[in-house]
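Since each chain comes alone in its own frame, lean on the hints to assemble the complex.
Residue numbers (our numbering), protein chains in the order written: chain P, 175 to 429; chain C, 14 to 251.
Worth flagging that the hints you see were computed from the coordinates, not collected in a lab.
It should be emphasised that the depicted structure is a prediction, and the values quoted were computed from it without experimental measurement.
Warning: the hint list may mix true and false statements.
[What the hints assert, rightly or not] Distance condition first, Cα-Cα at most 30 Å in a straight line; then the derived DSS-like pairs of lysine-lysine:
(1) C/Lys44 x P/Lys338
(2) P/Lys223 x C/Lys49
(3) P/Lys325 x C/Lys35
(4) P/Lys214 x C/Lys146
(5) P/Lys228 x C/Lys44
(6) P/Lys223 x C/Lys146
(7) P/Lys214 x C/Lys160
(8) P/Lys223 x C/Lys44
(9) P/Lys338 x C/Lys35
[Claimed, not checked] Which bits of chain P does chain C cover? Going by a derived footprint, with three or more residues having C-beta under 8 Å, they are:
(10) 271 to 280
(11) 291 to 303
(12) 312 to 324
(13) 329 to 336
(14) 407 to 414
[Stated by the list, open to error] Footprint (simulated), chain P over chain C, 3 or more residues, beta carbon under 8 Å:
(15) 92 to 104
(16) 121 to 127
(17) 152 to 164
(18) 197 to 211
For each residue, glycine too, the CB sits at the ideal point set by N, CA and C.
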Amino acid sequence: MGTLKAILKAAVLVSAAFVPLSAQWLHYPTPGMPRTADGKPNLSAPAPKTPDGKPDLSGIWRGPEDKYFRDLAADGPAAPMLPWAEALFKQRHDNLEKGHPSERCLGHGVTDYDAAGTPRRIIQTPGIIAILFESYNHYRQIFLDGRPLPKPTQPSYLGYSIGKWEGDTLVVDTTGFNDQGWLDMEGHPQTETTHITERFRRRDFGHIDLQLTIEDPAAYTKPWTSNLHLTFLPDEELIEDVCDNERDAQHLVGK
Amino acid sequence: MTASAQWLNYRTPGMPRTPDGKPNLSAPAPKTPDGKPDLSGLWQAAQGKYLNNLAADGAPAPAQPWAEAFFKKIQASDGKGRPQERCLPHGVTDYDALPMPIKFVQTPGEIVILYEAYNHFRQVFLDGRPLPKDDPQPTWMGYSVGKWDGDTLVVDSGGFNDQTWLDDGGHPHTEALHITERFHRRDFGHMDLQLIVDDPKAYTKPWGAKLTLNFLPDDELLENICENEKDFAHIVGK
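So that you can see chain C by itself, here it is in the shape it has in the complex (with noise of 0.2 Å):
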């Protein structure tokens, strides 16, 4: 058992189950009652690499110089200068590489995600508002809507500030981001995300990723506070 479920165990309600009482993660994905894909539960990024290097898959990122050489710098130093250093989030492709569980609550209107990580939670609206125009105010997490295109959830973000890396690894973004993620819960156990990252005045052209997420069975979010001070000695880079 990781350190990350200490909630007794708790066997994960509707779980669909083998006869002999394992998790069935190839069942077949659930549906609301509105008849939708049904995202909800505990997930976790499959592999790390993406956290590192969001381009770990194939070609490098098409990066602009400035953008290549912040990123060549980040590398050199070790990663020196991430927000999380100062316990400031994540961003949304940050998050979503991070192989720490987060958990999908899904309503008609919204699906909440919330993050171990930081215990910070980030809001998917569901009820055909646009995305904030007229310079909304930028933020870590940027403003999300989403709506379904069959059977997968597109979801388009906007309004970040330029404070965050798109990975741990430096690759930068501006204010120009936009994210677009691709949800597709292929069976039970399983979340397919395709990840595109387009910002003109970073990189040449859109680019991305594409990540699964593992369901998390009989688990639980575990409160993580990122203590500022406790943790600040330890940071390495140079």
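For reference, chain P alone in the conformation it holds in the complex (with noise of 0.2 Å):
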């Protein structure tokens, strides 16, 4: 290969290690992306629609800052668990989360995915919102078509969910959780009568408010809320992210 040609493959390879790892489709400008006169990314635009007049929530979006993942309750006040949760999440906490079923591949919940940093993209049709993560290579389904609830259900990870337009916000409805999954690292308990509610609203084309209810009679003595905030992420596309089962279990730390 000519110098220059293997001056610029060298280039191109040393701007390229400085590309986050989660950017890789070729920086691929995101189709309608709202941008200032100098071809930015405008996240203050106004919120987009949807054809049929409901708020549009697709995109790529980048979670929270991380304490949210390790603790949803990391605002405070601390969550009003029962006592045999509080004993648990102080044995949880003690191991060094040890024990998380993160550490065998299973993946997260509804509010520890919500919670993570690493890009979520969602989908929206009509009927059903799909959210697809980075993290795990998961995706949960959200129905818009005026279903119920299922009961009884097989318990599940990442629960059942059904949502509904009030204003500007959707408001989602998830249960039939298993009792394996932790509502967080930190590990805030999660059982079978778990009720999640979560609020999105998009704010602006950039940002989306999305505040967490968890209810659970079994493991709180009342309900408890947290907030998030999500953040568009333009020009980007979703990396794939396999766990390895065996390839990362031998790196885990816990007592």
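Structure representation (structure tokens):
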């Protein structure tokens, strides 16, 4: 290969080294992205709407600061736990989170996928919203077609979700969780009676406010909330992130 | 009702039905508001044989000697070492041929395929972007772009790692693999899928299979997260 080509190729490789691992699909410009006069993404543009007039939550979003992924109650006050839940939470904390399902490549649940910093893509159609998580290459469906929550259900990590619009806010109800998942990395307990409500509001093009409410009389004395903020990631793409159990297991810490 | 259908047997919204309320799988294939074929819905591969052997229908795959030897070794060991033993993903052809529910969610800019198996997804971009060149990070599921050719969706995929097998029987591939899928929704309930595998480092010429996907009415995906340690003890293989 000629010298010039070699130099150019080296330059591409060097600049590629500074590209975040999460952005490798050619920096393809996000279709429909509002931009300022100099071509930069305009995250303060108005929130878009779908053809049928609903708020459009579509796009790739980054999660909030890490503290909420570790502890949904990071902003205080402490979650109102029943004594058994408090004891389990403390034990998980003391054991450096040993036993978290993600150690075994089981992924996360609703609250910790919401709070994770890693990108997720929201795909919105009139009948379903699908959320694609870069982490674990998992997805979640939210049904907007009026179906009720199912009973009984096979307990699951991600539960069963239905959503409805209240003005500009999407209100999502999720039940049908198993008792294996943890609500966050520190280990706030989840049980088969956990009911999560998420309120998604796209404040402007680049920002979603996401209020989580956790309700579970089997673990908590009253409902409690966590307020998260998602930020739009322009001109990026999800990158595959498959958990390889045997490759990573040897690096786990925990007592 | 299969174990994979537990959401209250909720009736599929917009499902064409006969006068007695049964799903009408022979109704015409639907279109999106912008006039494209609508592939949305819950589907499942009609025949399991392609999962075991993508060349099940006809001549053996035109394998190069190393690929033929690999395939024979896997056949002799009953599939030992298949990545799914360790909860690692199926590849594109394997997911296509797997008789478990998959859901197509179609928007103008992309189709996302949600797999019941492993709770994984795959994105097919319809927005005109080219496949990434210049050594994209090789992945299990590759990178996929699609375009309409009349009523057929033609999907091109590349950028694969060499870890997956094309089928459970053990047809190997390399990072040079390029897959073409041609999806044609023949009527409401049936989709033809022509798969073409092109990997000059493993096969002397392109080859493939013609699959059928059947629409699954009044059904839903069920969470199916692979639990490595629970299932590992049951793996067969010599």
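Structure-based check of all given hints:
1. Proximity of C/Lys44 to P/Lys338 is assessed by CA-CA distance (about 25 Å); at most 30 Å being required, the pair is judged to hold.
2. The straight-line distance between the Cα atoms of P/Lys223 and C/Lys49 is roughly 22 Å, inside the 30 Å bound, and the hint therefore holds.
3. Proposed proximity of P/Lys325 and C/Lys35 is supported: the alpha carbons are some 24 Å apart, at most 30 Å.
4. The hinted pair formed by P/Lys214 and C/Lys146 meets the criterion: a straight-line CA distance of about 25 Å does not exceed 30 Å.
5. A threshold of 30 Å between alpha carbons decides the hint, and for P/Lys228 with C/Lys44 the separation of about 22 Å falls inside it, so the pair holds.
6. The hinted pair formed by P/Lys223 and C/Lys146 fails the criterion: a straight-line CA distance of about 34 Å is larger than 30 Å.
7. Straight-line distance between C-alpha atoms of P/Lys214 and C/Lys160 comes to about 28 Å, which keeps the hinted pair within the 30 Å bound.
8. Restraint check for P/Lys223 and C/Lys44: the C-alpha separation of about 22 Å stays at or below 30 Å, so the hint holds.
9. At most 30 Å may separate the alpha-carbon atoms for a hinted pair to count; P/Lys338 and C/Lys35 meet this at roughly 28 Å.
10. A stretch counts as covered by a chain when three or more of its residues have a beta carbon under 8 Å from one of that chain; for the stretch 271 to 280 of chain P and chain C the count is 3, and the coverage holds.
11. Judged by the Cβ-Cβ criterion of 8 Å, the stretch 291 to 303 of chain P is covered by chain C as claimed, because 6 of its residues qualify and three suffice.
12. Only when three residues or more bring their CB closer than 8 Å to a CB of chain C does the claim for the stretch 312 to 324 of chain P stand; here the count is 7, and the claim holds.
13. Only when three residues or more bring their CB closer than 8 Å to a CB of chain C does the claim for the stretch 329 to 336 of chain P stand; here the count is 4, and the claim holds.
14. For the stretch 407 to 414 of chain P, the stated coverage by chain C is satisfied: 3 residues place a CB nearer than 8 Å to a CB of that chain, which reaches the threshold of 3.
15. A count of 4 residues in the stretch 92 to 104 of chain C with a Cβ less than 8 Å from any Cβ of chain P is obtained; the coverage claim is therefore met, three being the minimum.
16. With 4 residues carrying a beta carbon less than 8 Å from a beta carbon of chain P, the stretch 121 to 127 of chain C meets the three-residue requirement, and the given coverage holds.
17. A stretch counts as covered by a chain when three or more of its residues have a beta carbon under 8 Å from one of that chain; for the stretch 152 to 164 of chain C and chain P the count is 4, and the coverage holds.
18. Against chain P, the stretch 197 to 211 of chain C contributes 0 residues with a C-beta closer than 8 Å to a partner C-beta. That does not satisfy the three-residue criterion, and the hint is violated.
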